[in-house]
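*Asks:* Chains A and B supply the protein sequences, listed in that same order. My numbering applies: residue 6 is where the first sequence begins, and numbers increase by one. My numbering applies: residue 41 is where the second sequence begins, and numbers increase by one.
No lab work stands behind these hints, which were simulated from the structure alone. Note that the Cβ used here is the ideal one computed from N, Cα and C, for glycine as well. Among these hints, one or two may not hold up.
From the structure, some residues in chain B lie toward chain A, with a derived Cβ separation under 8 Å [unchecked claim]:
1. VAL93
2. PHE169
3. ILE243
Computed list of lysine to any residue pairs in SDA-like fashion (alpha-carbon distance at most 25 Å, straight line) [what the hints assert, rightly or not]:
4. A/LYS80 - B/PHE49
5. A/LYS31 - B/LYS134
6. A/LYS32 - B/ARG66
7. B/LYS134 - B/MET98
8. A/LYS80 - B/VAL131
9. B/LYS134 - B/ARG122
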Amino acid sequence: MEEIIQIIAAFFCSIAFALLYNIRGKKAILAGFGGMIAWAIYIGIGIVYPHEMIQYFFAAVFVTWYSEFLAPILKTPVTVFLSPGIIPFVPGRGLYYTMSYALNGEVTLFTEMGLNTLGTAVSIAAGIMAASAVYRIVRGIARFNKRKRLT
Amino acid sequence: MRTKELISFVLDIGEQMLISGAEVNRVEDSITRMCSAYGAKRVNVLTITSSIVVTVKMLDGEVYTQTRRIRSYVTDLNKLDRLNNLSRFIVNHKPDLEEIEHEIEQIDLIGVYSTKKQYFIYALVASSFTVFFGGNVGDTIVSALVAMLLKWMISFIKKVDKNTVITNVFCSFVVGLVTIVTVNFGLGTNVDHIIIGNIMLLIPGLALTNAVKDIISGDTISGLLRLNEAFVIAVSIASGFGLATLLMGGLM
């Protein structure tokens, strides 16, 4: 039950950030679906293989493919779907707690939380980079094949 | 061809793209393409988060350099979308300078959502994150109201003082204070859940992720700058909330 509420909330988180970034209409709603499905994937992978960084990585991979797929159809930059879609995963909470431990002088908690936050950021970023590289290679091959068929 | 003015317009587009939230890569790429379309023999662009430098060598051997300093960002992906289309249009059709100028003015005219909608959006962000992190109904309502207060404070402070650190310390201090007081009055139950929803509006979580992305893709300087910025803002937010809990803890 809790998971379902979270998935629905992720939808609204992504839409809200899309609106905050001044994205309009259909694009904002599509961005919301990106965030929602990505969070469902995060939870789904958690059932099979509960490792936070792996979950973040594959969720980021999904959001990237989703955005790369939609961007040319709606003639818009990939960021329009990617930034709001990634929002539910972004380690805002971790970053806040890290700094608040640092200010309170709790060194052990600070290191633990800080490493976790940085790890999250790295796995999301790595997911995005890997996914867009793969997407470009696949698209390149598809185009090459199409051209070969035509000639 | 009035090359100087052309480069100035190209830089205007690049500058606006960077301010609206484009990656460093994309800005450099767009500037290079636009200059090459107008017959530049060689284009050297350096973009970091706070400045753009471009040196263009034209076919006749003339060399031009122009710089832009960027001081603040306002993420506006709708504008970025338009600018991106404009830069593609320029590369494909090579319009004359008057047309480019006209298009840039048109893009400047599209504004953001109206103030009323902005308040609603802030409330939506904060309340959906409060639910996301496990808040109950009371928490969500308080969180939405506090977010509206936050929006009002941000627009008020932006008129007086533009320093991000001061803005963040002050805003998070007031948000923390108001949240603790309302929870003590019995509206909402969990201070943490309410605060985390509002923190998401202030904290540069996306900037942190983008910084790491920049570093991985090879733009180390930009990435490190952004990383530092994110940490400084996070420290200022944490200290604002820290002050609020310290003060209220002493009173209660």
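*Asks:* Hints numbered earlier in the text: which of these fail when held up against the supplied structure?
*Replies:* Numbers 1, 5 - these are the hints that the structure violates, sorted from lowest upward.
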